[in-house]
Amino acid sequence: MLKLHNLSKVYRTDEVETAALNSVNVEIESGEFVAIMGPSGCGKSTLLNIIGMLDSPSSGDYIFMGENVAGYNEAKLSNIRKQNIGFIFQSFNLIDELTVEENIELALLYHNIPASERRERVAHVMDKVGIAHRAKHMPSQLSGGQQQRVAVARAVVGDQAMILADEPTGNLDSAHGQEVMEMLQQLNAEGTTIVMVTHSPAHADYARRTINLFDGHVVTENLRAAE
Amino acid sequence: MFQNYISVAFRNLIKHKLYSAINIIGLAVGLAACVLITLFVRDELSYDTFWDEADSLYRMNTTFNVPGREPFVTVMAMGPAKGALERYFSEEIEAVTRFNNEWPVIQYDDKVFSEEVYFTDPTTVDMFSLDVIAGDLKASLNDNSTLVVNESFAKKHFGDRDPIGQVMTLTYYATTRDFRIGAVYKDLPHNSVLDFQALIMIDEADFENFPWEFQHWFSVNNNIFFKLKDGVSIDTVNARWKDFTDTMMDVRAQIEPGTNPSDFVTFSSQALLDIQLYPAGDGEMKPTGDIKTVMIFSAIAGLILLIACINFMNLATAKSTQRAREVAIRKVMGARRGQLVTQFLGESILLALVGLALGIVLVELTLPFYGDFLGRELTFSYTDGITMAILLGLIAFVGVLGGFYPAIALSGFLPARVLKANKSAETSGSVLLRNALVVLQFTISIGLIVSTAVVYGQMVYGQNMDPGFKKDNMLVIRNVGEKGMLHQQEAFKQEVLRLNGVNHASLTMGRPADGNESNTSVEIPGDPDAGSILLGRQGVDVDFFDTYQIPFVAGRKYEEDRAQDGAPSSDGATDGEILQGSIVVNERTIARLGFGSPEEAIGRVVRMGVGDGVQADLEVIGVVPDINFQSLKQIIRPEMYVMDDGWRGNLTVNFSGDPQALLAQIESIWQQMAPTVPFSYEYVDQALAEEFEAEQALATMLGAFSMLAIAVACLGLYGLASFTAERRTKEIGIRKVLGASVVDIVRLLIWQFSKPVLVANLIAWPLAAYGMMMWLESFPYRLDTWLLAPLCVVAGLIALTIAWVTVGGNAAKVARANPIKALRYE
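For the record, the sequence lines run as chains C and F. Each residue of the first sequence is one higher than the one before, starting from 261 at the first, in the working numbering. Each residue of the second sequence is one higher than the one before, starting from 1002 at the first, in the working numbering.
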């Protein structure tokens, strides 16, 4: 699916140069479920953002589905991203002014899909994540777990091959957190590649492989035996 | 406490540079426009208030009700009316004076020139408190060979010499006399409707053979002012005008038996103080203003200020989101609501004060140009109590109005909610209010664009209106009727015709757009029922129609070799004899006389007096279309083009080629033939265009202030757009992560700001269209009403485009930003 080779990311301000990622080499196969762990500030989110093409590496190669996208411009990246990658955030990032249905539909809005098909797919995915009965509600009327389910629905409604989740359970209680994890596992079982940043070892256990980051380096990669 | 407020206020000012700049600049521009307009309005309202007797001075206006024509109103009256007023209103009126302008030829110091001089009555001294610098004004105006001049006149002609006692030789009509300068008065200030640089006592004996100046009851050449006695109400005079007319107007011999003078003439009085702002008719000493203009500009000043205030309010409420946390913490610390309101109002007033300071700088910078444009000396006085009070009042008003809503809204935040939720504290109410205000701003802007376009369009229309005759490459040489040229004008014409590039030339009484009224009554022989019919009259010569290229609807022009063509002279005729001749008339004349079609009219006869009690039967030989010879701004009157041996004052030259070279040649001929008569000329097209000077000035001023209004509105929109973009950062981030391109985002933001502009269009169109239709009503020849539709649409598009450009740049910047910044951590 993707391969990072000697990838580095350096943030520069006027005085300070901070290396967020330092010669990282990571390979993720299609259909994998990978967890990224590590202490705060180790570069997890930066790595995820680069994988998600929201950020560009300072050096190194990023091969995504056979293409080296490291030097691509924003428009090209945006195009690849919207075809292939879905996002789930810790703080859900739903648009407060849109209903559940409209929030999910947003992911299809930029894909040139006719309205009737959009409605169908939104309805289908809402059923799948069990949020159909709240279709017309505003995000503020939902619980955190429900909001995250909407976010998951939004991430998969476009049939993206890969979902990037940045601490998807960070703002949820354990019951809701588990619910979301099971949903991700289900999606993975259906063939979606999932890359997830998490602090929770328990939730990392849902993944088949864990990448541990420390100060911008990959320190260990644990492969969990297939069940 | 107070210091804390001040420092927070200043830090806010500096921290939010964009916000502060938009507010201060917008307000400064709004206030500057307001001050400039107020200076103009106050100046207009100050006209003639400086005269000691201003409150009791009135002018006599005359309306002629000519059957078959629009009433003709003039602010002048007849010479004999002075004596009539004095006798008839001896109980009510204390004094009457006349002003009658002439351009005598003046010889002084070997130089010959022409200057405007007003002939006036000695009573002027008692009515108008002229500021005499030297000499004895009263004695001078009681002597028929003494000239009174103003300071500029004295400076211009006498330089450093003492003007008193200088002698100038003046020639007017048949009089040539030496005049001694008897008094010098200070120039009249610009804010007077009176405008004279030199005065001479009227000696009616000088005009014995020119009775239309001071003796005829049907000739109006004088501005007549009268002063009421103390305690007399003008109503008593007004109530008796009709009786005055029938008792005093000695015209029974000239009107139909059974009719009264008051059937033809209506007098009215106009207070001196009303003259500047309530234009009554033709014949002012100089162009006046108009209360409509004053009101239009007062309204514009108010609207610009309103737009600036709306910016103030909108940006303050928008910004309130960002200050929610500050307010919440202050509340937690124990601030009462009243204290917070005081704080925010104070900040708002501080901002307004900074705006005022910058506004005054702008006023000072633009005032010279503005004064030049208006042709007046306007000064902004810092010591004038009223001005300063108005300005400070305005600042308090703007500050409180601009600060009030945000102060109330901000101080009403619930701290717990703001601190805990850390989310947008904006209520849908404030968003709605803000949108409504943006709609209001753009309604005003679009309305102003439409108005400017219509005023400008009307001006262009007027300037390019086909008057019905040739106006390009046409030169009018004036003064050919002056003594010294009068008797050789025909020879002069022939000399001019010999020049290269001269196609035709014609001697005429009037000239295009001079607005002069000359009327003659005619009868239809054999049709006593038709009675006597008053028709407009232009005195022309045989080359008139060729020179002005006027086509014929029917019949033919005057021809040189037909001895009977034209109106015959009464010379040598016996009393009661009826002479024969011919006449060319316009189509309206045919209609007025009931002659049927132009073809049918040919061969019909009208009878008219040709002087000394002799009459002539004139056969209609030609009918021309209705041409706007008299004025482009009046409804065309029934008009006869009389070829007779009457006085001719102008030579029109139809030429081709370089006008400058031709003009030099003509002037050299003039200098040889009549060195004692000043050479003076004008171009016909320019003379016609000058009729629309007032509209031109109005259009320019309207355009300038509309642009300011729009600029201020856009400034506000820019500020709002950047705040909205800031507020919607998260949403924009999400949309981008989900695949929205920069274009998608820009479109989203632009659409958000297009909606209020579109709504504004819907409101502005009918309002502006209605207003401008009312305005156009006052022009007899005007733009087609349907043109308002495309003008409205174009104005709407302009507003929309401006809004897009304003919002677009900002939106693009936001849309290009990296979304992870917005999304990483809330």
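What the hints contain is simulated information worked out from the structure, not anything from laboratory work. No residue lacks a Cβ here, since even glycine has one placed at the ideal position from N, Cα and C. Among these hints, one or two may not hold up.
Once the Cα atoms are required to be at most 27 Å apart in a straight line, the calculated DSSO-like pairs of lysine-lysine come out as [said to hold, decoys possible]:
(1) F:Lys1731 <-> C:Lys396
(2) F:Lys1018 <-> F:Lys1320
(3) F:Lys1634 <-> F:Lys1018
(4) F:Lys1634 <-> F:Lys1287
(5) F:Lys1112 <-> F:Lys1157
(6) F:Lys1112 <-> C:Lys336
(7) F:Lys1814 <-> F:Lys1731
(8) F:Lys1634 <-> F:Lys1320
(9) F:Lys1139 <-> F:Lys1157
(10) F:Lys1756 <-> C:Lys336
(11) F:Lys1156 <-> F:Lys1018
(12) F:Lys1112 <-> C:Lys396
Stretches of chain C that chain F covers, calculated by requiring three or more beta carbons in the stretch to come under 8 Å of a beta carbon on chain F [to be verified]:
(13) 309 to 317
(14) 350 to 364
(15) 367 to 379
Structure-based check of all given hints:
no.	hint	verdict
1	F:Lys1731 <-> C:Lys396	21 Å, holds
2	F:Lys1018 <-> F:Lys1320	12 Å, holds
3	F:Lys1634 <-> F:Lys1018	53 Å, violated
4	F:Lys1634 <-> F:Lys1287	17 Å, holds
5	F:Lys1112 <-> F:Lys1157	13 Å, holds
6	F:Lys1112 <-> C:Lys336	86 Å, violated
7	F:Lys1814 <-> F:Lys1731	15 Å, holds
8	F:Lys1634 <-> F:Lys1320	53 Å, violated
9	F:Lys1139 <-> F:Lys1157	24 Å, holds
10	F:Lys1756 <-> C:Lys336	32 Å, violated
11	F:Lys1156 <-> F:Lys1018	55 Å, violated
12	F:Lys1112 <-> C:Lys396	95 Å, violated
13	309 to 317	holds (count 4)
14	350 to 364	holds (count 6)
15	367 to 379	holds (count 4)
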